[in-house]
Amino acid sequence: MLVLQNLSNALILACTYILMAAGLTMVYGVLKVLHIAHASVYTVGAFIGVLAFSWVGNFWVALTIAMLVSGVFGVLIYRSTYFYLLNSPRTVPLIASVGMFVMFTDLLQKPFLMGAYQRAFPAGGAGLPAIKTALFSFTPKQVLILLVTIILLAIVYLILTRTKLGLSWQAASMDRDMASAVGINLNQSIAANFFLGSALAGAAGVLVGVYNNSVFATMGDLPSYKAFIIIVLGGMGSLPGAILASLILAIVENFLVASIGYVLPRDSIAFLVLILMLMFRPNGLLGRE
Amino acid sequence: MASGYLLTILIFTAMYISLALSLNILVGYAGQVSLGHAAFLGIGAYTSAVLTVRYEAPFWLAFLAAIILTGLIGTFLGLPSLRVRHDFLVLATMGINFVVVSVFKYVDFFGGAMGLVNIPAPTLFGITFRGGIPYLLLTAAYALFTLWICWYISKTWSGLAFQTIRNDEDAAASLGVNPARYKIYAFGISAALAGGVGSLYAHFLGSVFPDNFVFVESIGVLSMIIFGGIGTLRGPIVGAILLRLIPELLRFIQDYRFTFYGALLVLMMLFQPMGLLGNESWLWRQVKRWFQASPQGSKEAMR
Amino acid sequence: MKHKLFFFLIALTMISLIVAGCAPQPTPTPAVEQPAQTEAPPATEAPPMTEAPATEVPQVTETTVAEEPAAPTGEPIKVGFFSPTTGFAAADGTSALQSAQLAVKIVNERGGVLGRPLELVYYDDAAKPDQASAIARKLIEQDKVVAAISGSYSGATRAAAPIFQEAGIPMLAAYAIHPEITKTGDMIYRIGTLATTQGRVGAELIGKVMGLKKVAILTIDNDFGISLTEGFKQHAAEIGLEIVLEEKYPLGETEFRPIIGKIKASGAEVVYATGYYNEAANLVSQARDEGLEIPIIGQEGYDSPKFIELAGEAAEGVIITTDLNRDSERPMTRLFLEQYEATYGEKADMVGASAFDAVMVLAYAINTAGSTDPQAIVKAISELKNFEDVASGPFWYYTPEREVVRPISSQIVRGGAFHLYHEFTDEALVKP
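Chains as they are written, first to last, in the numbering used here: chain U, 290 to 578; chain D, 72 to 374; chain V, 224 to 655.
Derived from the structure by calculation, the hints contain no laboratory data. Even for Gly, the Cβ is constructed at its ideal location relative to N, Cα and C. Careful: at least some of the hints might be erroneous.
[As the list claims (entries may be wrong)] Chain U stretches covered by chain D per the calculated footprint, using a threshold of three residues with CB under 8 Å from any CB of chain D: (1) 367-374; (2) 382-390; (3) 431-443; (4) 555-565.
Looking at chain U on its own, in the form it has when it is part of the complex:
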């Protein structure tokens, strides 16, 4: 059934958006800055993932390594830049973020890093089976993405709601100064937040790298723009909102393309949706600010 197949493909597409958006919304929640350099973290994650995979041969190990490295990279970004700009006017860290994005993208393209070309990430479905039913089917790769996304989201949810760390983030996102006043170590909290958010981005990069069997220096650009759109749609700082918005966006994109084709490229459609949302419902679907 074509519709159901489109729907199931959209689900997988949404998974690739979700992890990126989840990481971004977490960071935004606490930092209140549009972390545009998130795109670079995603790309670095994919790069480390493919390298690790070529050394180790095991997808799960490669994924873990990639997530760790991405997390550390994210913390470094925070510590070297945003840390000093926490109390500056909002445009300042935003511009700094753009600057980092531009810088990293250029550096990543250099031959001593990723080079200008694409490389394959032949992890396949990591040995998982395909799922075939009468109505729709998932290839092994798609099953893999679904599985990893669910696992990671579950972990994040637990951290957010059940740990002290997670609660500190919720507090900090509501009022940073108050949170600090009641004894939360802001610096550590934000660093940990960055670590997790960036690790999620790295995981997203790995998954997309495997899904499309290609890893390249500019692969983070479009996903990060989409991620912004998603967190606005879903409400800045809301994880359930990001999940919901990812699903909606993926479904809308796929169905538009399947029915009327590319009137405009996918990302422009997404941006149009964004602009309309900003005009009529700036707080997003489930936002609270």
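Based on these hints, arrange chains D and V on the given structure of chain U.
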């Protein structure tokens, strides 16, 4: 009429000075951060190109049309700024950039991906000038015009209203300044001026393609203002000049151009967020001190 | 501490500007028309003009070096080159540059041009027209090149062409396909096959060689894709193909599943999909995943080892039209492929082959002309016949519109590599 290498650099620099100044009205005076200014450059360029290529309009008409039409569209596209601020606005302007470029690419009227080529050179009193000194005079004149508009804005009531909006929108509202009106003005004027540059750009290069106006270009223009100093007259000028010239002069930078730009932005934000020659910057204070010491006094009192 | 660092940076910038501004421009001594006061002309530069066109058998009249040619000496002859080595197009720009540099090396090993070394002066244009515009002028005025090659995309090439035309300096467009480029003037020639021509060949391939009728067309949304499809549809109408579906898609798209669903529903027997190797790799693997088994036909945009690497097994059976026949026994093709891989550790692609060929054509033209006079160079190019010293050749001749006419190959992926499928040598078909 060919342009020498130096002349070409100067012509482009003049264009980018105008562009930076125009963006400064929006970002520096009105405090509306826009990451989509290249869209206005593109709208102006395409307007002028379409009118002269498809409808054989004379250059000057197309040039004026580019300014006016881009200004109108800019005013309209500024509407999101009424509902949203800061980060949301940045995203919205980014979105506008993407959507505008896609429209140029997907709508055949604009030539689509094949772009518009054979854009005629401007003629005046029977002289056609594709480049050379005449074109430099044209772009320089436009830069001066833009500068004058910025100066005027910064001096008049509109300018003061802009400054208060930038500092605090709610306070501005309480003073009877209607932020909405001035934000729209800012978008309109800023876009109109950029549209004029677009026309000059299109007629100089002789062809336009959608990818000339992508998001990365917007980042470039914003960088010039940030680097030079937001909200001043001298800032965008200096920023445009330096960011256009430095890659030309330092060859080893060429291969790492974007790394350089990016690092520059970050460093500026960390150390001198007001820009190299912004009002509070270290360098500007030195310059002022130097001038106050000399009997010439305030030759550089452009504010 | 913060201020000290900043002061240092500003001082550095200022000093660099002053130094660079005051220092003499990095222009080498103007040496365009200097007589070659060296020794006898190199041994093996006679242009190979052999048999009539339209023979399938690869020629074997290569100027392969049996004896050591005299090493070129004297003032280098400079040829300008620009390509995007940074920015979004860095992959193609780098491939073009590396191939061009390889060609220069080979030319110099065979004795250079007019006994003098050939030198490539290159700048990165990041595929931006305003950069290309400035670079063109720089090459003409400061570097004083005798000719130039564009290794960049259509927008940048289109901006640079009028400048070279006006200055009377020949310019070869390696792979930019916008038709307007060669219309700029009589100094502008193109190496790559005009996309509309390649599109026509695609239709011929599907209709006459493969005997299929119902086609689904996927067009990538840039000038390359649009031109290809235009040519395809033109010839498809002539030979009675039925176009059951036509879709445009954005450059960089990675998710083709919805479109694949549409193709399946359309009853198409074959897909003609324009694009580059990254889109193509995603398209074919997703198509096979989704159970779409019909043949997929591509063009030279797929012509890169990366396509096979990224698409894996899904690449098997894909057929492309291209100018680079990897199975060719032609010495220059083999030379290019082998030396590129040996020098750079990667397999070559079509973009590289075009840039390589541009250098070879230019070197030939200068040698044939016997001087660096632009008119003579351009005349030599226009009179070129059955030129073999190119990787994607042979070049039969140039039309008056300065487009090259040559056989167009089609290659099929078998066993993880491109192999010859069919060669199109009908002059009427392949003439732009």
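Quick rundown of the hints versus the structure:
Using a Cβ-Cβ cut-off of 8 Å, 3 residues of the stretch 367-374 of chain U lie near chain D, which meets the minimum of three, so the contact claim holds. Check result for the stretch 382-390 of chain U against chain D: holds, 8 residues qualifying (beta carbon to beta carbon below 8 Å, three or more required). As drawn, the stretch 431-443 of chain U meets chain D at 0 residues by the rule of a beta-carbon pair under 8 Å; below three, the given contact is violated. Interface restraint, the stretch 555-565 of chain U with chain D: holds (6 residues with C-beta to C-beta distance below 8 Å; minimum three).
Against the hints set out earlier in the document, a violation occurs for number 3 only.
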